[in-house]
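Trainee: Turn these sequences into a full structure, and let the hints guide you.
Next come the chains, spelled out residue by residue.
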Amino acid sequence: MNKYTPVIGLEVHVELKTNSKMFCSCSADYFGQKPNTHTCPVCLGLPGALPVPNKKAIEWCVMIGLALNCKIPLFSKFDRKNYFYPDLSKGYQISQYDKPFCQKGFVELSNGKKIGITRVHMEEDTGKLIHEGNSSLIDFNRSGVPLVEIVTEPDFETAEEIKEYLQKLQQIIRYLDVSNADMEKGEMRLEPNISLRKAGEKDLPKYKVEVKNINSFGFVSKAIDYEIKRQTEILENGKTPVQETRGFVEKKSSTVSQRVKEEASDYRYFPEPDIPPIRWTDKQISDLKSQMPELANQKIIRFEKEYNLSKYDSQLLTKSINLANYFQEAVTVGKKENLTPKQIANYIINKKVDTENILPAKLIQNILSSNKVGDINEEELKTIIKKVLSDNPKIGNDYKKGKDNVIQFAIGQVMYVIRKKIDTEILRKLILEELK
Amino acid sequence: MNKLTITKAKTGLKNKDFSAVGLTKACLDEIKKTEPKLNAFVTITENEALEQARNADKILNNSTIEQLNNYPLLGIPIALKDNFSTKGIRTTASSKLLEEYIPPYDATVVKKLKDAGAIILGKTNMDAWAHGSSTETSDYGATKNPWNTNHLPGGSSGGSAASVAANQCIAAIGSETAGSIRQPASWCGVIGLKPTYGRVSRYGVIAMGSSLDSPGPITKTVEDSALILEVLAGVDEKDATTSPKEVSQYSKNLNKDVKGLKIGISNDYFIKGIDKEVEESIKTAIKKFESLGAKIEDIKLFDPKYAIDVYTIIQRSEVSSNLARYDGIRYGKDRDSFEEEAKRRIMFGTYALSSGYYDQYYNKAQQVRTVIIKDFEKAFEKVDIIIAPTSPSLALPVGATKDASMFGEIADVLVEPSSIAGLSGINIPIGFSKSGLPIGMQIIGPQFSEQLVLSSAHQYEINTQNENWKKLEPKL
Chain A
83 MNKYTPVIGL EVHVELKTNS KMFCSCSADY FGQKPNTHTC PVCLGLPGAL PVPNKKAIEW
143 CVMIGLALNC KIPLFSKFDR KNYFYPDLSK GYQISQYDKP FCQKGFVELS NGKKIGITRV
203 HMEEDTGKLI HEGNSSLIDF NRSGVPLVEI VTEPDFETAE EIKEYLQKLQ QIIRYLDVSN
263 ADMEKGEMRL EPNISLRKAG EKDLPKYKVE VKNINSFGFV SKAIDYEIKR QTEILENGKT
323 PVQETRGFVE KKSSTVSQRV KEEASDYRYF PEPDIPPIRW TDKQISDLKS QMPELANQKI
383 IRFEKEYNLS KYDSQLLTKS INLANYFQEA VTVGKKENLT PKQIANYIIN KKVDTENILP
443 AKLIQNILSS NKVGDINEEE LKTIIKKVLS DNPKIGNDYK KGKDNVIQFA IGQVMYVIRK
503 KIDTEILRKL ILEELK
Chain B
50 MNKLTITKAK TGLKNKDFSA VGLTKACLDE IKKTEPKLNA FVTITENEAL EQARNADKIL
110 NNSTIEQLNN YPLLGIPIAL KDNFSTKGIR TTASSKLLEE YIPPYDATVV KKLKDAGAII
170 LGKTNMDAWA HGSSTETSDY GATKNPWNTN HLPGGSSGGS AASVAANQCI AAIGSETAGS
230 IRQPASWCGV IGLKPTYGRV SRYGVIAMGS SLDSPGPITK TVEDSALILE VLAGVDEKDA
290 TTSPKEVSQY SKNLNKDVKG LKIGISNDYF IKGIDKEVEE SIKTAIKKFE SLGAKIEDIK
350 LFDPKYAIDV YTIIQRSEVS SNLARYDGIR YGKDRDSFEE EAKRRIMFGT YALSSGYYDQ
410 YYNKAQQVRT VIIKDFEKAF EKVDIIIAPT SPSLALPVGA TKDASMFGEI ADVLVEPSSI
470 AGLSGINIPI GFSKSGLPIG MQIIGPQFSE QLVLSSAHQY EINTQNENWK KLEPKL
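Chains A and B, in that order, give the protein sequences. When the letters of the first sequence are read in order and numbered with the working numbering, they come out as residues 83 to 518. When the letters of the second sequence are read in order and numbered with the working numbering, they come out as residues 50 to 525.
Bear in mind the hints are in silico, worked out from the structure with no lab data behind them. Each hint can be trusted.
Below, simulated BS3-like cross-link-like pairs (lysine-lysine); rule was C-alpha separation at most 25 angstroms, straight line:
id, chain 1, residue 1, chain 2, residue 2
1, B, K423, B, K354
2, A, K245, A, K280
3, B, K413, A, K181
4, B, K336, B, K431
5, A, K304, A, K85
6, B, K294, A, K159
7, A, K311, A, K333
8, B, K337, B, K325
9, A, K137, B, K294
10, B, K423, A, K159
11, A, K159, B, K413
12, A, K210, B, K382
13, B, K332, B, K431
14, A, K195, A, K387
15, B, K86, B, K524
16, B, K160, B, K74
17, A, K393, A, K196
18, A, K159, A, K186
Here are the computed distance ranges between Cβ atoms for each label pair:
id, chain 1, residue 1, chain 2, residue 2, range
19, B, I114, A, S218, 56 to 62 angstroms
20, B, M396, A, F299, 44 to 50 angstroms
21, A, D369, B, E426, 30 to 36 angstroms
22, B, K82, A, S218, 45 to 51 angstroms
23, A, H95, B, E426, 41 to 47 angstroms
24, B, S454, A, R341, 33 to 39 angstroms
25, A, H95, B, D324, 55 to 61 angstroms
26, A, E93, B, S454, 40 to 46 angstroms
27, B, M396, A, L405, 56 to 62 angstroms
28, B, R393, A, S218, 30 to 36 angstroms
29, B, R139, A, L405, 57 to 63 angstroms
30, B, K86, A, L211, 48 to 54 angstroms
31, B, K354, A, E235, 43 to 49 angstroms
32, A, R341, B, M396, 22 to 28 angstroms
The beta carbon of each residue, even a glycine, is placed where N, CA and C say it ideally should be.
Mentor: Take a look at the structure:
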């Protein structure tokens, strides 16, 4: 029994892939570009320049909120978050404080647990510091790129829950097509805050450790596992871990202290006077909702019902919206050829079909021709199978002992004899029949 | 020529009585002659101005009358307050911190002026960062009042107001956060129009109090202000706070007489300690309106002193954030290039926004601001416009701001309430004191009532044009 229960909350930043930046018309596609070529007076924060919000970015932020089951308040506004950092061109970041676009949502995990979404808000990215020898340079290409921040309640207890949540979140964002959410490119960044409380306790711990620099899915569990171990040791020694920000160190799979937070920073938030507050109508929100694509969780339920697929297959086929659309198109074409959705699903899943290069119509042709091989030569095939099984009595013996993987060997042997492309599923079925 | 109004200069240019180059040279000559005494400019752009004037002459010579209508300010030399960003021309906001800052872009106001054919003579002096009401806190030396150089021109658009009064230019552009157009116009005896917040774009104007800043014209006649406002007003896709409301042909609708016009007078605006000559002149001016058929009504407004507190908190809070970008990393100067006043405002605003104080100060100030807006709305249910003194005093002597950190707020007590409420207002000269200093009156109207404010002022102006004081000129 673990003595302590982890209390973990997550902040995720997602860079939107709008054409232009959040408050100016500069291109937001800065990745790999020459420094300071995607800039203008606004994102450079030059004297007198003013921000004009990107409508598309705001709509996308609201869509993310809707997809995360959030409430969308009809009144919202931007605020200035004042702090000093060399990559911050105006000396403040335009963000949202007490009136974010989206509030109080949730994401349901496969174990039925609901992770609360505290808020989803819109803000701007900062520039980037580049350190070269003794000098530090600033690249403002990223300055003003739209960022959506998604904050959860401290509802996570394990690294697995976090992983599943992140996968779900990434999938939703990709379904909405508002960001590629590529962690390696910094399009999706996470900051977990981790603390421990005694098992059975209800109150939140009095401290919180924030971990930064996690730039890959794989590192999330490592960082969290490390922190749980580290904090457990401290608590076991009768001490309380320090409230601080720690950085994840890739090479050692550990975290190191970066900045001790005595108390919450004072960002002196106040309403951004350069941007009038946003007032939505119910109609605008419902219009946005109607523009959203069917999301994975809805698709899974529909695939199970409409196509008679297993939950597992439905999950596999809805992994990306492109795959799901591909499958649906193939089902439509396949219907004319009397192929069932199940047959098509099996073929796509088992053959690991290259859906980017094989058009759905071609896929159906492939399925049909592979089936034909089985149909026409079934008698011949049975003869070959019989021969292979009698030549290799070990197959029958092993199978009786419950060594199922021997079937794969049998399939290989038959294929070797016929030297033809054939649907292995049908072949497997025939071999099993013969063995019985 | 440099004494001409925009209207008269336009006629002269059209009739080929003189060229744009000639007119520009006349202004530049006057600038050269009077600058040693006035110090109205931070930067004079002689070469650029002459180049623009040559271009204007080309257009004048090669265009039809119809084509010329696209250039409502063609060939008119204008002075620009130094907080308007000008592409390729340094823009300092009269602070040493920006001594070497050359903007790579034009403010929307500048772009509109250039598109209208105006000629930019240079950048006028102001209180550093527009923090003040004297132009004495400029890091480039004080500007002097053309009517008496031992006195201040007011501020923060003091350079622009002094330049117009001294006929260094045909017209000028200023900006007002609370009083910065109307108060120096009053002290210098010229017209100063503060448009409704959101009527004229702030894009490219170095921000002071972002929720209050309103650019506007400073001119020799009301008609000139109307002409410039026609050019400057309107929605700007680069300023999200500009209004999409239609822009009227202000200069063509000035001849509406004031018969039946309901004018509100509030006793609270004749504050204790007001200069007696100012008070008398305003009362005489009100009688003038009455004789023209206007109805004068006593109204009750909040004591303007409450506006000082509200304004001080909101403006300094915004200032503390707006000046954060001058952090020593860019612009070539460190934060120690801020002078006392800017430092005071940064500290004050930072404190007011700090957690634990935000509700007590900033939030409370915003609540009182709403009450003041409501107070004006109520007043404008009863009356069309409000008349009051612009400044409770005459132009104060040089040195008056020393050790007076709240100097501006007190000098601007009568213009702050209407600024906080985002209303439109104008200063119009109504006479001189015995000591020879100008006296100004303000006309305040509801939001977006520029047309009414301008036509009321115009009616007063044309009905007093034969008064003796109108013939006075500054002796420099």
